[in-house]
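Participant: This is what each chain is made of:
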Amino acid sequence: MNLTLKIWRQKNDKETGKLVTYPVKDISPDMSFLEMFDVLNEELITKGDEPIAFDHDCREGICGMCSMFINGRPHGPKRGVTTCQLHMRSFKNGDTIVVEPWRAAAFPVIKDLTVDRSAFDRIISKGGFISVNTGNAQDANNIPIPKPDADASFEAAACIGCGACVATCKNSSAMLFVSAKVSQLALLPQGRVEATTRVKNMVAQMDEEGFGNCTNTGACEIECPKGISLENIARMNREYFVANIKS
Amino acid sequence: MSKLDSKIPEGPLEQKWEKYKSSVALVNPANKRSLEVIVVGSGLAGASAASSLAEMGYKVKVFCFQDSARRAHSIAAQGGINAAKNYQNDGDSTYRLFYDTIKGGDYRAREANVYRLASVSANIIDQCVAMGVPLAREYGGMLSNRSFGGTQVQRTFYAAGQTGQQLLLGAYSGLQRQVGLGTIEMFARHEMLEVVNIEGKCRGIIARDLISGKLERHFGHAVLLCTGGYGNVFYLSTNAMGSNVTAAWKATKKGAFFGNPCFTQIHPTCIPVSGDHQSKLTLMSESLRNDGRIWVPKKQGDTRKANEIPEEERDYYLERRYPAFGNLVPRDVASRAAKERCDAGFGVGTSKMAVYLDFKSAIARYGHSKALTQGINNPSAQQLKDFGKLVVEEKYGNLFEMYEQITGENPYELPMRIYPAVHYTMGGLWVDYNLMTTVPGLYALGEANFSDHGANRLGASALMQGLADGYFVIPYTIGAYLSKEIATKAISTDHEAFVSAEKDAQGIIDKLFAIKGTKSVDHFHKRLGKIMWDKCGMARNEKGLKEAIAEIRTLREEFWKDVRVPGSANDFNPELEKAGRVADFIELGELMCMDALNRSESCGGHFREESQTEEGEALRKDEEFAYVAAWENKGNHTYELHKEELKFEAIKIAARSYK
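Respectively, the protein sequence lines represent chains A and B. In terms of numbering that gives the first Met the number 0, the first sequence has 0 at position 1, counting the first letter as 1, and numbering is strictly consecutive. In terms of numbering that gives the first Met the number 0, the second sequence has 594 at position 595, counting the first letter as 1, and numbering is strictly consecutive.
FYI, nobody ran anything at the bench for these hints, they're computed from the structure. All C-beta atoms, glycine included, are put in the ideal place defined by N, C-alpha and C. Check before you lean on any hint, since a few could be wrong.
Take a look, some chain A residues computed to stay more than 10 Å from chain B by CB distance [unchecked claim]:
| no. | residue |
| --- | --- |
| 1 | 24 |
| 2 | 27 |
| 3 | 88 |
| 4 | 149 |
| 5 | 159 |
| 6 | 203 |
| 7 | 222 |
| 8 | 236 |
| 9 | 237 |
Dumping the calculated DSSO-like pairs for lysine-lysine here, alpha-carbon to alpha-carbon at most 30 Å [said to hold, decoys possible]:
| no. | chain 1 | residue 1 | chain 2 | residue 2 |
| --- | --- | --- | --- | --- |
| 10 | B | 560 | A | 46 |
| 11 | A | 77 | B | 388 |
| 12 | B | 31 | B | 58 |
| 13 | B | 58 | B | 6 |
| 14 | B | 542 | B | 252 |
| 15 | B | 252 | B | 502 |
| 16 | A | 46 | B | 518 |
| 17 | B | 651 | B | 620 |
| 18 | A | 146 | B | 369 |
| 19 | B | 525 | B | 2 |
| 20 | A | 10 | B | 518 |
| 21 | A | 46 | B | 525 |
Isolated chain B (complex conformation):
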C-alpha cells in the first residue's frame, strides 16, 4: 500500500462531506472528558479548534510563543474573508467558490478538500457574527461585501482593513471563555520544540517555557499543529518576526511528510524594501486592487514624478494584459507582471523596483457619487476630491495611514509605490481528508497544512481556511481517531519517549550555546533569505536552484560552527529562540529548493523559467506533475519523495486564463 492515503470519502463531490459527517464515529460526552488534546498555535485555526473542541467536552491545552493568544499573526490579515453567501445576488454559489479556488490554485489542490471548504464557508460568517465580530455593514443593516483577486463576484466580507484582527479577536474571545470555564489550559510564552511519539502514535510535545527556560513535557491523546506558515525562511516577508516553521519541521523529523514546500505566495502589493536595516515588509491589502489601478510609465527609465506623467503616457499593464480580470488578477499573476515590468526597466521610485498603485480615478468616481447623495449636482474639482477622499478613507483609512507612517508620503495625493513580497506559504505538512498528518494522532490545520490552496492562494481565502479547519472540520474528523482512543489512559510524562524527546530538545540548546561563534543569528538568517529570494523566489530555474542547494548546505555548516548565542538557557532569551528557528529554516530552505528543482513545470506561484508560454505565462505539465509532492525526512538531510496523484472529477483541468 502506498504510504499516502488521502482518505477521501466515496460518493459524488457534493455529498462527500455530508455523508462523512453522518457516518463518522462519535465520542460520547463522558469519554470526551478523559481525552486530552494539545493545540499548538493560537491563530485563527488554533483558537477556533481549541474553543470548539473544549465546548464539545475535550480537555484542551493551548500553546503559543507570544505573550497572549490574541497576538497570533492571523491578526495582521487585512482585506477579508470569502464565503459563498450570495448576499449580493451576483451568481455566487458553493460550486463557484470551489471552482475559483481550484482554478486560482492552478489545479494543484485536492478537489474534495476544497469543496468542503467552500461548503462550510457560509457557516463561518454566521458563527463570527454570532460571536460579536463587527463586520462591515450597509445602511440597511445587512453585511457588506467586496471583491478580491481571481473572482468575478463579490463574496468577501470584511472589517475595514482589519478583518484578520476582528476575526482573531472573536476566536480569541471564544478561547478565553473556555479558559475561564476551566476547559482550556493556556500556555502563553511557550514554544513547542519536539513531538513525542509512542508506539507509532503522537502522544504529546516538549515545550520550552520562554520565561524560565525550562523544558516541559505535555501529554495529549492527539496533537494539533496550528502553527502557521514558513514565509520567514526568506528573512524579509510580511510575516511577524516570530513566525516560524519549528513545530512543523520537528514533526517532519518524527514522521510527518511535508507537502509542496516550494509553493510560496509572493504578494503583489507590499511596500518596497527601503534599506539594509529593514526587518520586515508591510503588506498593502489586496482589497486596494478593487479601487486602485496599477501602472508604470510607458517610457523606460522615466524620472518624472508620478503626477507629472500624463494619462496617455501611463501603462496600466494589468488592464492591458488581462482585460477580463484587470487589476484583480490572482496574486501570482500580478506579482510576476510587476517583476516583468521592473526587470524590463520600467520600474519607479529610487530603487526602480516598484510600480504605482493609483487611487486617482477611484477618488474621482466616489467623489462624484458622494456629491450626488449630498445634493450637489455640479461639484467643483476640489469638492470631488474631498468627497472622494472621504469614501476612500472609510474603506481603506488604516492602510493609507500605515503607508504614510512607513514611507512618509501621502497616498491620497501621490500614488502608492508597491512591489511584491513573500506573504504566505501554500505548502505545509501533508494531511489527509481528516487533516491528519502521516503520523497517527498528529494533525495540521490552517496555513500549517498544505491542503486547500494548491499552487496559489486566492485573496481572502486564508482566513476562511483557518476558521473552516478549526470550527467546522476538526470537530468532526478528530472523532474518527479519538473514538478509537477512549480506552487509552493518559500516559505518564515519565515515559521514556518523553524523556528522550526532552533530551533531544536539550541537546540542540546545549549545542547552540557550545558554538560560541562570532556571528549573530540574524547574520545567517539574512544570508539564507537572500539565497532563497534570489534563487527560489518569484522566478526559479534549474541552475539557480542547484546553486542555492549548495549554498544553503555551506551556510548550514557555517551556522553550526560560527553562530553566537548570548545569555543562558535558563532565562528569557529571545536570541536562543531565534537561533533554534533559523536552524530549522536553513534545513527547510534546502528542501524547498529540492522541491522546486523536482517540479520542472510552472504552476501558480511556482514559476520555472524553463516552462512558460510565448506570452510569458506559467505553463503547467499536467501529465507529469498533477500530484502533491510529499517529502519524507529520512534524516541526515536526505528526503524521499512520495506522490499523491490529484484526480479532477468535477472540474475539467484546463490552462488557466484571466484574459
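If we strip away everything but chain A, and leave its shape as in the complex, we get:
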C-alpha cells in the first residue's frame, strides 16, 4: 500500500506545531499502525531527519501508552482497539491519514505526538486506592463478593488510562476515566469504607487539573478501547451526590 501521512510535528510545549506531509510506500496490510511509523522513522533517520516522537510500549493494547489521534478519532477508525493494535488492513491503498496528538489543555504536548498525562496519576493519588497497608489483610475468601459485583468491578477496572476519552470529548472531560476507578472500588465491599471521601477528592483534583465538564455526549464510551461503559459516569454522579448529602 502507498499512503500519504499528515503528521503533527511540534518541537516542544513552547513552540507552535504544524502538520507535515510524508508519503510512505510499500506498506504491508499486516503491519500495525505503529510498525508503519517505525518504517517511516527508519527512513527519516537514514535521510538525516529527526524521527517522529510518539509514545508506545507494550504494543499489545494493555499498557495504555500509545496515543494517536487518527483521522479525527483517538486510536483510529476501529472500535475497541488501541493504536498499537490497529492494523494497516483497516486502510486502503492511496488513503491520506491525518495523525495528531491527544488534544486537551490538561494534556500538554511534550513533542510531536507525545503528551503529558501525569494529571491522571495525580487524580489517582487523591483517592483511587483502598487505604490498606501491606500485611493488614484478612483471608481473601473472608469477604464473599457476589459474582455480578466482582465482574462489574473488573469491567470498570479494565481501564488502561490512555486518555482516549479525554481526547475525543469536545469538553476534554475526564469523567469516564475517573468514574471507572470510582466504580471499581465502590462496587466492592472493601472499597465502601472510603467511598465518600474518595469520590469527592478525586472529582476535586479532576477539576483542578483543568479537565472540562461532562455533557453526556457519550463519545468517550464509543472511543474507549476497553469498552468502559457510560454507566460508570452515572454511578460516580450518584456516589458524588450521596457523598455531598452525607457531609
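Use these hints to put chain B onto chain A, whose structure you have.
Facilitator: Just chain B now, with coordinates in the frame of chain A:
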C-alpha cells in the same frame, strides 16, 4: 572466603524464614524517617516494594522510564498468579508449590528462596483482594482458580486474561497513595544510567530526565533495582518495546554479579512472526492450554486447512508424548516439542513454523454443560457451539479478540496458529537470601534478579515472585542492612563519586552522538536479535555459541563506528534512549553466549544439543553443573565465573519427567 555468600539462614527449611523474621534487626520508626531508599522500576516488584517501604516510614524515590508507574510491563501478564491456598481442596500446600517450582526450574534454583516464595504466596492474594483487585469469583462469591503448566492442582488466581494488569494497577494504587501522602517522590520518564558507589556501598544513582535530557544525581541509603528482564536482547520478544537491561547491566559494571544469564524462557504459545517489519511478538496466555489442545497434522507438509483435517489424522503430540501432564507440560518442554515438530516438517501456516492450538473440544464440552444448566437436555449442534462459545468467551475473551486483531482470523472458528517466542528471563542479578547483590546496599527484586525460577519458570509464578519480593520479603530483609546505616547522614550529591558517575553517563551519550554513522539503532538491534535467536535460542550447541560470540564482537565494533543517533542530548530523544539500551544488550548478549557455552548440560530452558536423552529430552549433568553461574564483570568485555553450589536437602534431585 568465597565472594558468594548466599546468607541462607540455618535451621530446617520450613523454619528458616519464620526464624529469620523474628530475629532480623529492626529500624525504629524515627530512624526510618531519615533513611532514603531509591526504587528503580515501577512494575509489580518495584511498586509493591516502594509502597510497603513508604508505609513503614522510609523516604522513597521511585523512577520509571514510562510516562506513568502504571505502564510497567507487568501490566501485560495475562494468565494468573499462583498461591498455595488450597481453596480447591485438591491437595495443594506450601510444600507442593515449593516442590513444583524447584522441579519446574529443573533443580537449578535455591531451595530456601523458593520455599519462602511458596510460603508467602497466600499472603499476596489476601493483600491484593484487600486492596480492591477484582480477581475472578465463583457464583458463591469465593475466588476462582485454574491450572497452569507443570502442576496437577488448581492454584492459579486470575482476572480474565488481564491478571497482570489488575495486580499492577493494585500495586500502583498503593504507590500513588503514598505519593499523595508525600512519602514517595515519583520520577516518571526518567531512566537510570549509572549506579553510584561510595566506599564499597551503593549510595545512589544517576538518572536522565527523558524530557529535558538533563542528568540528575540522586542519593539513597539503599538502591533497589526492580527493572524486569532482558528478553529484548532477542529484538523480537513478548516484552514491551522499552524493556531493557541497562540498569542491571550498569550495576554489573559497578560490582554486581550477573547470575545464569543464559537462562531464558521461550514461551510456547505466541502468535507467529508474520514479516520483516514485525516489532514485537504477542503472547497467547498459557491459561489457554487449560482448554486448548495442541496438534499438527500427522502427514508431513499437509496443505489442507485445519478444519479439513479429520480427527484421526491429527497428532496431539503433547498428549502423546506426555500423557500425565498432556497439554499442560512446562513451557520449556512445550516449546521444544513445537520446534521439534516444525523442524521435522509438520508445521502449519504459510511459514510452516507454527502449530495449532484448538478449542473445538472445549467449546463442545462447555456447550454441553451450559445447555444442561439452561434446562436444554437435547441441544442441537448449533446450540452446543453457541453455548460453548459463550463460556470460552467469558474465560478468554480478550485473548481471542487480540488474536483476531493481529491475524485477521477468528479463533472460535479456526484453531489458533502459535509458535514459541522469547518471553521471560530467569537469569538476572545474583542476589543473596536478603535479595542483595554483591554490592552492599544494592538490591534486585522481581524478574531483575536470578533467584527463584532456576532454569525454567512455571506459568503464573512471575507475578507471584514480583509481589512476594516487594510486599513480603524486602520489607524485612532491608532492615538487616539499614539497621546498620542509621548513623549515616544523607550524602551530598556533590560528592566526587556522583560527579564521576555523571561524567561516565555523559561520556557515553557524547560518544554515541559523535559517531554520526549511517545505520539506525534498530538495524543493529535486529542483527543482534537474529544472532541470539539462531544460536542462543531454543537449542544451542558449542559451534553455534562460539560463532555467536565472534559475531557479536564484530557487531559491537560496528555499532560503535556506524550507528546514527539523530537529534540532541538536551531534548526528548527516544532514539538516544534506544541507542544506550542496545549498546548494553550487545554486551549482555556476548555474556549470555559465554554462559551457555560454559554450561554444557541441558536444563530447563537451556537446551544444549550435545546433552539430550535418546528421546530428545533435556539431560542434566548434576555432578558438574548443580551451581549458579555468577559472572563478575572485569571490564573490557572480560568476565570471571563464580559458582554458588546448589544444595538440595528437602528435595531429592531427580530426572524431571512429565510423562
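Participant: Next, verify each hint and record whether it holds.
Facilitator: Status of each hint after checking the structure:
No beta-carbon of chain B is positioned within 10 Å of the beta-carbon of residue 24 of chain A; the least distance is around 13 Å. The non-interface label for residue 27 of chain A is inconsistent with chain B: the shortest C-beta to C-beta separation is roughly 6 Å, within 10 Å. Once the 10 Å rule is applied to beta carbons, residue 88 of chain A is inconsistent with being away from chain B; the minimum gap is 6 Å. With 10 Å as the threshold on Cβ separation, the claim that residue 149 of chain A sits away from chain B is violated: the shortest Cβ distance comes to roughly 4 Å.
A beta-carbon of chain B comes within 10 Å of the beta-carbon of residue 159 of chain A; the shortest separation is about 8 Å. The beta carbon of residue 203 of chain A sits about 13 Å from the closest Cβ of chain B, which is more than 10 Å, so the claim that it is off the interface holds. With a least beta-carbon separation of about 16 Å from chain B, residue 222 of chain A lies farther than 10 Å from that chain, consistent with its non-interface assignment. The Cβ of residue 236 of chain A lies farther than 10 Å from every Cβ of chain B, with a closest approach of about 21 Å, so its non-interface assignment holds.
Its beta-carbon lying about 19 Å from the closest one in chain B, residue 237 of chain A satisfies the requirement of being farther than 10 Å from that chain. Distance check on the hinted pair: residue 560 of chain B and residue 46 of chain A sit about 18 Å apart at the alpha-carbon level, within 30 Å; holds. Taking the CA atoms of residue 77 of chain A and residue 388 of chain B, the gap is near 23 Å; set against the 30 Å cutoff, the hint holds. At roughly 8 Å between alpha-carbon atoms, residue 31 of chain B and residue 58 of chain B fall within 30 Å of each other, so this suggested pair holds.
As the CA atoms of residue 58 of chain B and residue 6 of chain B are separated by approximately 27 Å, the hinted pair is consistent with the 30 Å bound. Between the alpha carbons of residue 542 of chain B and residue 252 of chain B the distance comes to roughly 29 Å, so the proposed pair stays at or under 30 Å and holds. Annotation: proposed proximity of residue 252 of chain B to residue 502 of chain B holds, straight-line Cα distance about 15 Å (limit 30 Å). Only pairs whose Cα atoms come within 30 Å are accepted, and residue 46 of chain A paired with residue 518 of chain B is accepted, the gap being roughly 10 Å.
Proposed proximity of residue 651 of chain B and residue 620 of chain B is supported: the alpha carbons are some 15 Å apart, at most 30 Å. For the proposed pair residue 146 of chain A and residue 369 of chain B, the alpha carbon gap of about 17 Å is at most 30 Å, so the pair holds. With a C-alpha separation of about 37 Å, the suggested pairing of residue 525 of chain B with residue 2 of chain B is violated against the 30 Å cut-off. This hinted pair checks out: residue 10 of chain A and residue 518 of chain B have alpha carbons roughly 24 Å apart, not beyond 30 Å.
With a C-alpha separation of about 20 Å, the suggested pairing of residue 46 of chain A with residue 525 of chain B holds against the 30 Å cut-off.
Violated hints, listed in ascending order, are 2, 3, 4, 5, 19; each of the other numbered hints is respected by the structure.
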